Amino acid sequence: MARIILDTLSKQYPNGVLAVDALDLTIADGEFFALLGPSGCGKTTLLRTVAGLENATGGRLLSDDRDVTHLPPGKRDIAMVFQDYALFPHMDVADNIAYPLRIRGEHRTQRRAKALETGTGLGLENLMDRRPGQLSGGQQQRVALARAMACQPSVFLFDEPLSNLDARLRLEARTFLKKLQKDLGVTTIFVTHDQAEALAMADRMAVMELGKIRQVGTPAEVFHRPANTFVANFIGSAPMNLLAGETADDGLRIGGFTVPFPHDSPRLPPGTPVTLGARPEYVDVVGTSTPGAMAGTVTIVEYLGATALVSVQIGDERVPDGADPVLGLTVQAMVAEGTEPQIGARIGVTHQPNRSLLYAADTGDLVSGTGSGTGSGTGSGIPGSTAATVSTTP
Amino acid sequence: MTATAARPAAVPLGPPPSMVVKKFVSRVLFYVVIALLLVFFMLPMLWIVLAPFDASPSLTIKLPDFSTGNFSELWHNPYALRSLLNALIISLGTMALVLVFGALASYALSRVRVPGRDALLYALLLLSSIVSGTAAMVPIFLLMTNVHLIDSQLGVVLVMTGGLLPAAIFILKDFMDATPRSYEESAKVFGASPLQILRHVVIPIARPGLATIAVWALVNAWGNFLVPFILLRSADKYPAAVVMYTFYTEGGQPKLGLISAFSLMYSIPVVIAYLVVSRRYGFRFHGGIKS
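In order, the protein sequences belong to chains S and L. According to our numbering, the first sequence is numbered sequentially starting from 1. According to our numbering, the second sequence is numbered sequentially starting from 1001.
Any given hint could be a false lead.
Claimed, not checked - Cβ-Cβ distance ranges computed for the label pairs, FRET-style:
id	chain 1	residue 1	chain 2	residue 2	range
1	L	D1118	S	D166	36 to 42 Å
2	S	Q12	L	V1100	33 to 39 Å
3	S	P269	L	R1113	52 to 58 Å
4	S	Q134	L	I1089	38 to 44 Å
5	S	A200	L	V1100	47 to 53 Å
6	S	R66	L	I1089	52 to 58 Å
7	S	A28	L	V1100	45 to 51 Å
8	S	Q12	L	D1118	22 to 28 Å
9	L	L1043	S	D166	54 to 60 Å
10	L	V1100	S	T218	52 to 58 Å
11	S	R130	L	K1023	49 to 55 Å
Everything labelled a hint here was simulated from the structure, so no lab data went into it. Here the structure is a predicted model, which means the values were calculated and not measured. Each residue gets a CB set at the ideal place from its N, CA and C atoms; glycine is no exception.
Model the full structure from these sequences, guided by the hints.
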């Protein structure tokens, strides 16, 4: 049970690569915290720095109020579960679980007893004499967890805990891990590159890119209000539609169409380049002539079970005002099963202004709801001129 | 349909007869060559199991005129049994040193990034054949004289260890490389010291490699003639390989009975060592554990 504080923590490799770039982060006691990011973003390096397997090159790392920045891994009161579980192949399950106790010099019979107790809690009581090679992936994972639990640490670190499991087992393990963490109440940091895993399991999460944290928040916050286009693109089972356009008096100009502003947009001077972010789940398929719709041709329909992902190539000879359609602009919409249009059909798509966001085109940062720009009230800012075109239903 | 109909009906199945004959003849020739080679290599082995039990052994292979006289003569020879013990001491000593230093050095070389590490390893490997080889015998003799290790079994062990270590490190490093680092890191997170990591994790996992190296070092030291012959002075310190060289009559004729009986006893430990390790570890040279 500990609170972990990162204070401008940095890790630079000898070859100059800054894998962790002056991060400030506080992970609360008992929290299930996810580090999410694409490969090479520094999330595993950060976890290994917290573990003490990498030396921080700058900043401090505090566990409660204890400075552990330069302590060896064994003195940090942590336990780590590795991606490949790192179970010792020459020891049976009981010896594996009891290994931390062996290091502490406990007697063998006592070790075996404690290992059995911990293992029983995870349903391993009948496997205590097996070697890791004789276990399934899920069993191996539970042995690795039992070994981490056996030393009763104040912090758990999981490196890609689910990536070695097959798809079905992964779902089970997700639920299992979340429940286990809640039962134990131990502060847990886990690393994943799978946004669905992070959303499903974490209490809070940090999205990382190139050694920096791009957003910290609860899964719901990160999903609904990505702080920048990187996070917007990374989170969600289908990436958010990010449509380049510019502001006008009566809405956003995108690909020759005029669409309504997202609701809490600040008032921006006309002609400001912006990016509209709209999740495919919050894009509706409508008739081509619906006000505020972008018309286009259906190019791909991906069947996903209860839903289907429709890709629409925006562009139309009947573009209003005779403006040229932007070629290559594609909008994806998630529609219910059975309502998907045919490939080649001409349809219109509208975004839901209450659930879409506006990003600055140059920095990629969220401008919706920030109150910047030319002074519209936060949250309520539907520019009056666009009110007429707001139309979320066909 | 049209393809099958168009095919001429009279095409014979299989290759033409001339090719069948050709194939048969090449097969027969192949096996004849194999059989000849086999006989060639079998002859000395047959001799070594038959001649010791022959009352009057010669250099030909024949069914023995059974007798155990050669062995009782060996028993009464003042140096024979003593030399087997010496050989055991020297080869076990060499094996122990090669294992300890080989394991430590290969682990370090596998885990620590040293500039020019691979070049160093290859250079050592190349030079090692010189160190314990004939070419370096004079300098080695001088060196051993100066450090007062002439006529000492320790000297023999050290020289042979030096000769075997580079190859041992080279092979063991491969085993160490194949051990995932996460095993060690896992132990490290639980607070294990480097020596504990080596003892609890690395050595047990590299055990097949260590066993291979152990037998290889044992056999090499056991069979080495030149190093002990040059570095040892007193006959009671000679290992078996050197003592066998003394089994001549006053007239310079080899005592074939004694030599054959001694050869048999001399080869048995090596065969046993090989069988034990082969059974337990199957002599794999790439035996790392897959993660």
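In rising order, the numbers of the hints this structure does not comply with:
Hint check: nothing fails, all pass.
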